[in-house]
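Asks: Starting from the known structure of chain A, arrange chain B on it as the hints suggest.
These protein sequence lines are chains A and B, in that order.
My numbering puts the first residue of the first sequence at 1, with every later residue one more than the last.
My numbering puts the first residue of the second sequence at 1, with every later residue one more than the last.
FYI, nobody ran anything at the bench for these hints, they're computed from the structure.
It is possible that some hints are incorrect.
One side of the interface only, derived from the structure: several residues of chain A facing chain B at Cβ under 8 Å [said to hold, decoys possible]:
#1 Y15
#2 Y19
#3 S286
#4 L419
Yeah, the Cβ is synthetic: ideal placement off N, Cα and C, and Gly gets one too.
Spelled out, the chains give:
Protein chains: 2
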Amino acid sequence: MTAESGSRAQRIDRYVGQYAERAKGMVASEIRALFAVAARPEIVSLAGGTPYVAALPLDAVGSMVSELVSSQGTQALQYCTAQGDVGLRERICGIMALERIAAHPDDVIVTVGSQQALDLLARIFIDPGDVVLAEAPSYVGALGAFAAYQADVVHVPMDDDGLVPEALSEAITRVAASGKQMKFLYTVPNFHNPAGVTLSAPRRAEVLSICQRAGLLVVEDNPYGLLGFEGEPMRALRADDADGVVYLGTFSKTFAAGVRVGWAAAPPAIRDKLVLAAESAVLCHSSFAQLTVREYLATQPWREQIKDFRELYRERRDATLDALERLMPAGCRWTNPAGGFYIWLRMPDGIDAKAMLPRAISARVAYVPGTGFYADGSGSQFARLCYAFPPPDRIREGVRRLASVVEGEISLRSDFARLWAISTKSSYSPAASLPNARFHCAREHACETN
Amino acid sequence: MTAESGSRAQRIDRYVGQYAERAKGMVASEIRALFAVAARPEIVSLAGGTPYVAALPLDAVGSMVSELVSSQGTQALQYCTAQGDVGLRERICGIMALERIAAHPDDVIVTVGSQQALDLLARIFIDPGDVVLAEAPSYVGALGAFAAYQADVVHVPMDDDGLVPEALSEAITRVAASGKQMKFLYTVPNFHNPAGVTLSAPRRAEVLSICQRAGLLVVEDNPYGLLGFEGEPMRALRADDADGVVYLGTFSKTFAAGVRVGWAAAPPAIRDKLVLAAESAVLCHSSFAQLTVREYLATQPWREQIKDFRELYRERRDATLDALERLMPAGCRWTNPAGGFYIWLRMPDGIDAKAMLPRAISARVAYVPGTGFYADGSGSQFARLCYAFPPPDRIREGVRRLASVVEGEISLRSDFARLWAISTKSSYSPAASLPNARFHCAREHACETN
Chain A
1 MTAESGSRAQ RIDRYVGQYA ERAKGMVASE IRALFAVAAR PEIVSLAGGT
51 PYVAALPLDA VGSMVSELVS SQGTQALQYC TAQGDVGLRE RICGIMALER
101 IAAHPDDVIV TVGSQQALDL LARIFIDPGD VVLAEAPSYV GALGAFAAYQ
151 ADVVHVPMDD DGLVPEALSE AITRVAASGK QMKFLYTVPN FHNPAGVTLS
201 APRRAEVLSI CQRAGLLVVE DNPYGLLGFE GEPMRALRAD DADGVVYLGT
251 FSKTFAAGVR VGWAAAPPAI RDKLVLAAES AVLCHSSFAQ LTVREYLATQ
301 PWREQIKDFR ELYRERRDAT LDALERLMPA GCRWTNPAGG FYIWLRMPDG
351 IDAKAMLPRA ISARVAYVPG TGFYADGSGS QFARLCYAFP PPDRIREGVR
401 RLASVVEGEI SLRSDFARLW AISTKSSYSP AASLPNARFH CAREHACETN
Chain B
1 MTAESGSRAQ RIDRYVGQYA ERAKGMVASE IRALFAVAAR PEIVSLAGGT
51 PYVAALPLDA VGSMVSELVS SQGTQALQYC TAQGDVGLRE RICGIMALER
101 IAAHPDDVIV TVGSQQALDL LARIFIDPGD VVLAEAPSYV GALGAFAAYQ
151 ADVVHVPMDD DGLVPEALSE AITRVAASGK QMKFLYTVPN FHNPAGVTLS
201 APRRAEVLSI CQRAGLLVVE DNPYGLLGFE GEPMRALRAD DADGVVYLGT
251 FSKTFAAGVR VGWAAAPPAI RDKLVLAAES AVLCHSSFAQ LTVREYLATQ
301 PWREQIKDFR ELYRERRDAT LDALERLMPA GCRWTNPAGG FYIWLRMPDG
351 IDAKAMLPRA ISARVAYVPG TGFYADGSGS QFARLCYAFP PPDRIREGVR
401 RLASVVEGEI SLRSDFARLW AISTKSSYSP AASLPNARFH CAREHACETN
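Chain A extracted, bound-state conformation (with noise of 0.2 Å):
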């Protein structure tokens, strides 16, 4: 063995000719990289979309799961069916309910987090080359299910409003003309990750309307909307069209993001497909995870937790839009979520918050740049700042950073724009760098279509 292990070290992947043809689109997230610097405790990090979950009672908890594994332990280690507990989505049909939706457990799959549901979807439509319609920006995580799958992400501008029905009309027209297997909509209603805003009332029967029309399949992921800062949560899409949206849900950030307990509800033919894709991928999600689940739904004051973090949030919500507000330098615009983590930041003309990292890193401070937002990897005028983790001071002190980075890249850009022009006696335009963003605002603290 020695020579041919000896030959063997000397190649980097001895296996770099053996992989699928949709591994090689698989490469290292920057966003992942990123979340390992900003994990530093010098950094206030705006970057990963990390929920608040100390604000747990974990005593309880803890508690709660010593008397589930003590009295129901050969069930909660035990494995469990592919679909999953069925008191468990008992429970979840009654959470769907706060959204208007009248589903049956039967109609429901627990995954992974809802990150497994989009793997399955994915896995169970989409050939390569399939369009899938996103909305731009669109959720990392999604994207990246989608591009596993060696999908085709076509995006739809968003404003304010959230999803443009014309510009969705108008995407479905020029997919269907080009011939391609259009396969759903991809869309965040709630709380937009990464974009901060929300689908409104009248825009959903819209874009239910649009897609019945064309025989087009919604994936509604709703990890947020129960998360609103102000009355009740929206009318779920799935509440009005029951056989044509699957609505994707998680207890990641109403519970806690550890468990990994998700779910999809779905028509019954998708929800067949799912189970036995979910077999085939895991045999069946964590009992134990399940059941913590169920027996925190079923034991604990979980209606009032999740008002807490609604308060937590809220009040992180405002420390940064206040922030932003005072600090932010002119030129810089943002979106101001009604719920949910995000907010969407627009740096000025000319400034590439992609190629800015580096610097913020430096200055203490850490968000995601737009590109992983976007399938085509535009988008680098843009900044994620998730607000959820950490707390008022921190996030003040974390936006002055930031603002600071922006304004020395603003001055360099200016200096160098003069030094330009006197080298060169011809006026430098920094807009002439702007990459084209399919989504971007136009006007202060506001979102709209381009």
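Replies: The following block gives chain B in isolation, referenced to the frame of chain A:
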């Protein structure tokens, strides 16, 4: 919406033309359907590979988890990296050392059971039509994962000493000549599922050498390696070729199936791809489940627990072998496992274990027909018996019922043959209906290649 949804309701599946090519082969596994029936209390189930988790110290595990959530809840309830908790990965390396594997925590990725590792390996390696070599018979969950990526599984015969090296060489030559891409050999070397046999030490070296010469990756799936009934654990294949073997392990049988914590130890380039694929599939596994296992290994007497499991399962294996010996009619043959969960039972010539199953269920005993363990659906003369879950008395009762069903089948066939001979004046040969099984038992209580 009413008119549209009315017309839609008349269709069974409006998305039937929309699924991906890979989803067309997704059909409900007969085995899974069987499990629902087999779970009824009046039935002695020798079907599912269900570990006896009631043997765990549930109160102690409950207290441990309570302490984990109280003191480390902000980590246990939070997102983790896609590669998995580093403390757990360190512990996993300690466990693999029991089989003489020298691995670094960086080599390891934590997965949602080893099923997810199988799925991720298939995802990164298999293009439609690529060949995977696998024992005949082979683990049904692995066959399912490979089928989901449209692999072409080529079975390689086994005998009492496991995979037959000559047959492996021949299969490699044959596939290479066919021009198909051959991606890896999938093998369960210890206490094989379903065959119950173990790859002998000399053959381990031979199999490795054959695969090295062919440049063929080995996937060593080892859920039962620490559950041997005699002596020390066998030396793993991975111990002798870290660059040519991906090793899969799991805590499902040594601790608890319900945590769904497994792992893969892989060469660096493959590990990188697995981590990226896992991120796309589920973002990360449950921190809660991972840290529960980590704390279990750190604070509980896990080696003694494995010893207890070994004793328990040995007693059940002995009860099964003894009952088979005493009760089964002539013509039945079975393997004699030195560990693990399974006995592979060959029915007398002419008896179809799959066709017989409904009668066995009526007689209140369940097993898994052999057909699920062959990619081509052969193996109908075989049944997998799992002795891990029922107590010895129930096992004896189950085997008694099974023997009686087989006797009934033999008698029925004998009557039918006599009547057939009378009516046609010709002799009836039950063997004519024997499926062309690639793996069968040719001498009493032992298996050899055909």
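Asks: All the hints need checking, so say for each whether the structure fits it.
Replies: The hints, checked one at a time:
1. Y15: holds, 6 Å
2. Y19: This hint holds: Y19(A) lies near chain B, its Cβ roughly 6 Å from the closest one there, short of 8 Å.
3. S286: Hint on S286(A): holds, closest Cβ of chain B at ~4 Å, below 8 Å.
4. L419: violated, 43 Å
In this structure, only the earlier hint numbered 4 is contradicted, and the remaining ones agree with it.
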